[in-house]
Amino acid sequence: MSPSRKKPPSEGTPVALSSERDLRGLIAAVVRLGKAAGAEETEVHVDEGAESLTRFANNGIHQNVAEHGLTVSVRTIVDGRTARVTTNRTDEDSLRAAIQSSLSLAASQPKDSGLLPMPGKQRYRVVRRFVPQTAALWPEDRARAVKEACDLAAKNGQVAAGIFSSGQTQSAVGNSHGLFAAYRQTQAEFSITMQESGAASWAKGNAANIREIDPRALASRASSKAHLAANAKELEPAHYTVILEPAAVLDLVGFLFYDFAATALEDKRSCLNDRMGKKLFGGNIDISDDVYHPLQMGAPFDGEGMPRQRVPLVERGVPRNLVYSRASAKRAKKKATGHGFALPNEYGEAPMNLVFAGGKSSMKEMIASTGQGLLVTRLWYIREVDPYEKVLTGMTRDGLFRVESGKVTSAVKNFRFNQSILEMLGNVEMMGPAVRATGEEAFEMVVPAMKVRNFRFTEVTKF
Amino acid sequence: MWELASHSLDIAKLRGASYTDARVMHLRQRDLTTKNGQVGTLAQSESIGIGIRVLAHGAWGFASTERLTREGVAACAAQAVSISKASALAKKSDAVMAPERAYVDGWQSPFQKDPFEIPLETQLALLLKADEEMRRVKGVTLTETGLQFRKIDSWFASSIGSRIHQRKVISGCGIGATSFQGDEIQKRSYPNSFGGQHALQGYEVVEALEIVKHAPRVAEEAASLHGAAQCPEKRGTLILGGSQLGLQIHESIGHPIELDRVLGQEANFAGTSFLTLDQLNKLKYASDIVNVVADARIAHGPGLGTFAYDDEGVPAQCTDIIKDGVFCGYLSNRETARLIGLNRSSGTMRTESWNRLPIIRMTNISLLPGTWGEADLVADTDDGILMETNRSWSIDDRRYQFQFSTEIGWEIKGGKKTRMLKNPSYSGITTEFWNSCDAICSRDSWVLWGTPNCGKGQPMQTMGTGHGAAPARFRNIHIGAAFSKQ
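Chains as they are written, first to last, in this note's numbering: chain A, 2 to 464; chain B, 885 to 1370.
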């Protein structure tokens, strides 16, 4: 959708974010204050956001919020010790106090022999994900789209609930060695649940560009599927062939991301311990971490300001590479990949921009090729049961359908699953093209729909 | 702060609001962690700002800002009114609230030792000592410890005349040992998973936990789990330790009684509830010995759901939720209370921060103590499994079907706790589970557990909730499904 061209008589518009020049000036000022206070090295993060969210339920808006915030986070190093202090007070006295607190915190701990000096200037690849039309969306624009969705629900004898959000955020990092990086993006999201006769279905879109979100189409899709979801029948929990829509795939594979952190392997809490370089998934599984992928979002630098690299993580089913912060790279005698979290922290790093290679099959083809199976719209309340075999539990939600002889035939009551993701990625029979998927358990990634054999459902609920 | 808050009320009224409330909040937090004998996180943060909620044209609007000047607050109030007018474009009906009177009051949560005044060196030395004790145990591959402290000041002002200042001090502490061996990762935590125990208290919470004393046992159990027998799959008798029962209460009682869920307001994200309005005062939720309250009063204890007033200016209350096994109460706010014909909100509107809208949240949802001694309960159990310390938790979006697994289990045979069991889990349907409860331990083993990480709302808010529980026994429960090879 597009924002209205005529400016409505409203003060509900998002504020303009600080300019990059302002951010650079603020960081330079804090670095100067750090030096004056006795810090040997100073690193400054500035994060700013202006975001709005319209929430609806029972076919009407019931919550509607807007926020603007800017935080300054300071890390100092003195005598081999470091600590971080964050504040949203940006007057000079408050910033000076934050630096002093950081120095006091740092001084309270033993010396860290593994602490690295801050990095110097870096070069960054430019990514453009700031769309002015998204930033300029008005509350009235969101309200009108919501009203249209609610009217559709009412017309179809259904009840709609969901959100329509839009906003702009930016992050900058700089340090006393001259490093400076800044990034800004916009983001819009429309999510809708349609309820009919005790059943429900759901659709959601998320993009940097508001023009790529079509609330009307999403509402229509959720409405049609909610109608199909009514009168669900109970099936026995068992192993089934499943066709997982991209949101369902995302919320499962999202649990894998931290396993690819070098620090997770060092700490022996990754499912990849003793498994790197060995065939772990099916030969059709290729996964990379790629912040530069056109369907991805996020800053092209990490918590220390290091440029993010594209890292091929899994090639033809074999885990090949990990991601590294500067510290974990040094310990492993590897190069940093630009995936470190802001220091100090105990987790190290993680790939935050997973991209699956995917396949070429359409949903229609996956359904048509299935004799007996289940079509899964999305999953819910997923938690890790076994961290090494990567067994996850959770529920199906908002549309579970039976597939018989190549056709969707009826709705099915929701199941609980207990399924190893390692096994699942060894049982993928067909895949769709990878898309920017959005769910509720994992952050957005680029994943395909999948047809998976032998998916383990263990119990059934009452609806 | 009062001047700014009052100014926001004046501006909102001038712009056409029929009701306004404003919260200036100042949040301070300190996080300390160690991992494998090294300092992990060492960080402190503060955040201050104002959130303004208005009702205009029968619809809600909310805006927040950190610009705490007269100009900044005025612009924020005007923005909130403007947003409410946009809301009115797609409102279903006018929002109306149950009556509440105005309060002018101040309250501070009681604590003995301000955690922000305890030297950092003391705090870190405690964590590093506990970490060292765990690392002495052979087979342990990862040790973690942590402390978290929060101090929250809020100044609440509303257009009906309330002016309420509250200060809360929250402390949390926990340790964990992980062991990787063969093809298994096993973990033990103390005194609970999710970073340990958290309470509305000062540093005295940390001292009382005696983490250094417990560290060797925690580490030994983590390493020993590899050699333990697998928890079998069967139907049988289950005894839950207090902290696990606290989470069971949270998921299968606390969430379904939230009236916003019941009324469909969370249908898109957190879900709805099986506790439809026709079930009130009729549904046999649990066995006769089960009594559950939602109690935010300090008299109930220093829980994460304890306060003097909620974030809508309603005094803390105790509401019966389950009485003698019968479902009899919801968690409500002023708007939802009126929607179902109640005279008054139950006082459960809470916000994470100044930049978040207050929403219905759990307070302290507690199972009242029973009569059993812990030793007597085990002695009375011929064949059962005791499960302790949560490892995973999941429940459907209407809160019927759940599955939990815990870090450790113990087989009970002939009234005695015998061998250790690994990978224990249990599952069931909420009302069937609670109706199978046949014994609850007494106040001697009742603890007001703190759950610091309850997520709800859009944008997401994280809130701390309290859950008083003592170990309890349940019959004919499905055990072991999560790890079944079927």
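These are computed hints drawn from the structure, not numbers from a lab. Among the clues, some could well be false.
Unchecked claim - To spell it out: a stretch of chain A is covered by chain B in this simulated footprint if at least three of its residues, at any positions, have a beta carbon under 8 Å from a beta carbon of chain B; those stretches are: (1) 40 to 49; (2) 62 to 73; (3) 126 to 133; (4) 179 to 189; (5) 372 to 385.
Said to hold, decoys possible - If you want the ones that stay clear, here's a sample from chain A, every Cβ over 12 Å from chain B, calculated: (6) R22; (7) R76; (8) S105; (9) N157.
Every residue gets a Cβ at the ideal spot worked out from N, C-alpha and C, and that includes glycine.
Now the hints, each set against the structure:
A count of 0 residues in the region 40 to 49 of chain A with a Cβ less than 8 Å from any Cβ of chain B is obtained; the coverage claim is therefore unmet, three being the minimum. Here the region 62 to 73 of chain A counts 11 residues with a CB under 8 Å from a CB of chain B, which clears the bar of 3, and the coverage holds. Figure legend: the region 126 to 133 of chain A, annotated as covered by chain B; annotation inconsistent (0 residues with Cβ-Cβ distances under 8 Å, at least 3 required). Chain B is given as covering the region 179 to 189 of chain A, and this is violated because 0 residues of the stretch bring a CB closer than 8 Å to a CB of that chain, at least three being needed.
Using a Cβ-Cβ cut-off of 8 Å, 5 residues of the region 372 to 385 of chain A lie near chain B, which meets the minimum of three, so the contact claim holds. Listed as a non-interface residue, R22 (chain A) keeps its Cβ farther than 12 Å from every Cβ of chain B; the least gap is roughly 20 Å. With a cut of 12 Å on Cβ distances, R76 (chain A) falls inside the contact zone with chain B, its closest approach being about 9 Å. A beta-carbon of chain B is positioned within 12 Å of the beta-carbon of S105 (chain A); the least distance is around 7 Å.
For N157 (chain A), the condition that its CB be more than 12 Å from all CB atoms of chain B holds, with the nearest at approximately 16 Å.
The earlier numbered hints that this structure contradicts are 1, 3, 4, 7 and 8.
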